[in-house]
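Engineer: Spelled out from the first residue to the last, the chains are:
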Amino acid sequence: MPAPKMIFAVLLSLATSVASAAVPSNTEASNTKPSTSEQSINDTYIQLAAAVYEDSLIAARELQSSVGTLLKKPSEKSLAKARAAWRKARVPYQQSETFRFANPEIDEWEGKLNSWPLDEGLIDYVADDYFHEMGNLGAQLNIIANPVLKIGGQEIDARNITPELIESLHEFAGSESNVASGYHAIEFLLWGQDLNGTAAGAGERPYTDFAVGENCTHGHCQRRRDYLQAATTLLVKDLEDMSARWQKGGDLHAKYINLSPEQVMTNIVFSIGSLSLGELAGERMKVALEANSTEDEHDCFSDNTHYSHYYNTLGMQNLFMGQYQRINGDRVGGPSLAGIAKAKAPQAFERLRLAMNDSVAKTNALVQAAEFSQPPMKFDQMIAEGNSRGKALIVDAVNALVEQTAALEALAKEIDVDHSGALAF
Amino acid sequence: MPSRFKAADFLKRSCVIAGFIAVLSACQSDPPSPEHGALSRNTPITAPQTMGGALTAPGPIRLTPQLSPAERLEHSLGASFFHKPWVSAPSTTTDRDGLGPLFNAHSCESCHRKLGRGSVPTRSTRESSGLLFRLYGNGAMGSQLQTRSLPGMDAEAQIDIRRENVALVREFSDGLRIELFAPRYTVSEGQSDASLSPRLAPPLIGVGLLNAIADDDLRAYADPDDRNGDGISGRYLLIQQRPGRFGWKGEQADLRTQVAKAFHEDIGISSSVFPLDNPPHCEMPSCVTIDNKRTDISNAGLDAVSGYLSLLTVPQARLSESAEDVQRGWNLFTRAGCSACHRVNLTTTTHQRALLSEQIIHPFSDLLLHDMGQHLADSADDPLAREWRTAPLWGLGSNGGPYLHDGRANTLLEAVLWHGGEAEAAVQQVLTFNSGERAALLEFLAAL
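Protein chains in written order, with this note's numbering: chain A, 1 to 425; chain B, 1001 to 1448.
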């Protein structure tokens, strides 16, 4: 597993900071900056969002650089490094996701970056045995193999695989067919299909899929290289855009300067409620578990799902507590919903604080099982039919998130924050 | 809540079953009950804040907040299958594959945007929208035109849409003239010799409640030969011995089948209800399911989606706002005779789910088919061409246009004025309204 220890170090330090910062008192405030009394909950919101999207951008640029090295000199090592960079890029991004739900501006944008499920057959080759069954027909599906795409009766010139082409395909033939771009498209290109079902193992794409000349495997290596490069470039560009929107002069920055603090609180409750229950507990865990579907999981090619879930959970806690530890270790934060809640409704606050700690702990248990148990058990193994230990781990995490949602709704009611939107799936 | 279900309604019917999917041609001859159209003209409307019984809630359509977080979680699978896109087979996410090979949309959500009404394309079916085309005549393309396909296969056709010609002019007594533009459709790619019947994705409001209306109630409302002489017929299709109630032409009798049909025709997802992929002799990768005897969506998946849709909120009416105008509009609405078809009070039957059981609801629809006149007819010769199911009006204010089966009406006033056939008498009444009365009527509709 590439670089899990490093990530785990970050993870541990964050979990520690979360535990100690769980009491948002003045004594903690010295750890965060700036902490002037004039700073509002609005300022904190902007500060956290700006930091987490800038971190996502920084990490995506590092991914881009690693991809550059891979394409320059394809090898086991350069592929492993690119994969490690991808995993690192997910750390801030998954923490950012909580901002998405209360902000249609982000929700509309994010499909290009984090769309799932991914129609992998439209991008590149899928399992060989399948082609034997289907003859040539299946081969017509993928973009990498086809300079001219025929979709929905239209022909698309795909001779040059550029960020613009990928972006245009994203919007093509259906509002939600986010088939072509984003983290999961890059993930698919770096790992390939995970053909292990619910058994151990992730995607095993060989580095030679990116080789130039006769070492090329599975054909169309130059186009695959172009695709990887274009998708990575597009990811960086999209994150540049979002990062800028939270800086002074950006529309989202302006939006949150102008919102009332009550509206900001509503948005925080909406965001956390939506991600907590409908998206993470429901869509990403319960559905995967119920369906026993092989790889019906979020980061399915890389077997990185446990980290995705963990950092989603951490992101929710960050937003509530008004704090965030950046990827360089710096801490940012300020006045928070937690602070207001603690003053107004100490018991409801305490229930939610404990519930959030528990959610972080239970998703951390997924990480522990996936990375550090012997043998490691990945999320796709946990959801396998008959895996009672795996099921228990997921059910624990789901239940913690359900309690977190219930505690959040109870708190919102008590401090008169309109939380009806938080009930939406 | 007490049931207003009347046992007498059972007894008055004497329906002749005209066969599988046949228009009911002779049914009961119920005299108009004093409650026909529900609240009497002068009853102040205070109650219908609870449009959809216990499911009524302000805000966007969503899973009802009456459920606890743990109960809401139980609906994750249904929500997921509704909102998330389907992908082509084979895919790593096997439970979400099976798209196409011919389809109109990748997901339910892409037409029923945020569970609401679909949009109409500005020029062509190449744009994503909530509009699709049913086909009369059962030709080679089946009963629906699929305008999308997986790569390597042609979509059946593309349709260009124009709205240049004034099809109808309505003139009010005070001289106001409204020109109504009808859409024109031309096949721009591929071929279609069948006549096209455009259908806009409706908002998914209260579908579980409508599903829980007793068949006998619909039979009691029907009056296909207008025996009571009020100028309003009211028919339904017989679907395996049950009255149809879902779809613009009432083609499905129950919600689960309607969901399965939409999965099958619109997304190309096979199920136990519609097991064959579309087209039937497909050799595309998505069709391997036929050989594997595996359907794209399981029965549990279908149940989950139907269950999720059943428990969505019904938008709360805003009848207390600008109450005077709304009240006046309500009086005008009933006085013009609109509530003869846009039936106000219905009561669901007993149901295992308390939230759906014996609820007094106000969908403003009798769920029956009515002759809507030549201008809204969608085919020259089909017996069903002029017949449309009364569109429920609940949530009208919070869900916006465009209105009518093909989204031809951009405003509520246009939608009203397009009505013809059995509704012509009511429209003639509306045309006598002065500007204040028009405003009041629209105020009322927008408050629903």
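Heads up, a few of these hints could be off.
[Claimed, not checked] In silico DSBU-like cross-links for lysine-lysine, where the CA-CA straight-line distance does not exceed 30 Å: (1) A:K248 x A:K150; (2) B:K1114 x A:K237; (3) B:K1114 x A:K413; (4) A:K73 x A:K248; (5) B:K1084 x A:K150; (6) B:K1261 x A:K237; (7) A:K255 x B:K1114; (8) A:K248 x A:K237; (9) B:K1114 x B:K1261; (10) B:K1084 x A:K255; (11) A:K391 x B:K1261; (12) A:K344 x B:K1114; (13) A:K248 x A:K77.
By construction, these hints were calculated from the structure, which means they are not laboratory data.
Engineer: Flag every earlier hint the structure violates by its number, smallest first.
Structural biologist: 1, 4, 6, 11, 12, 13
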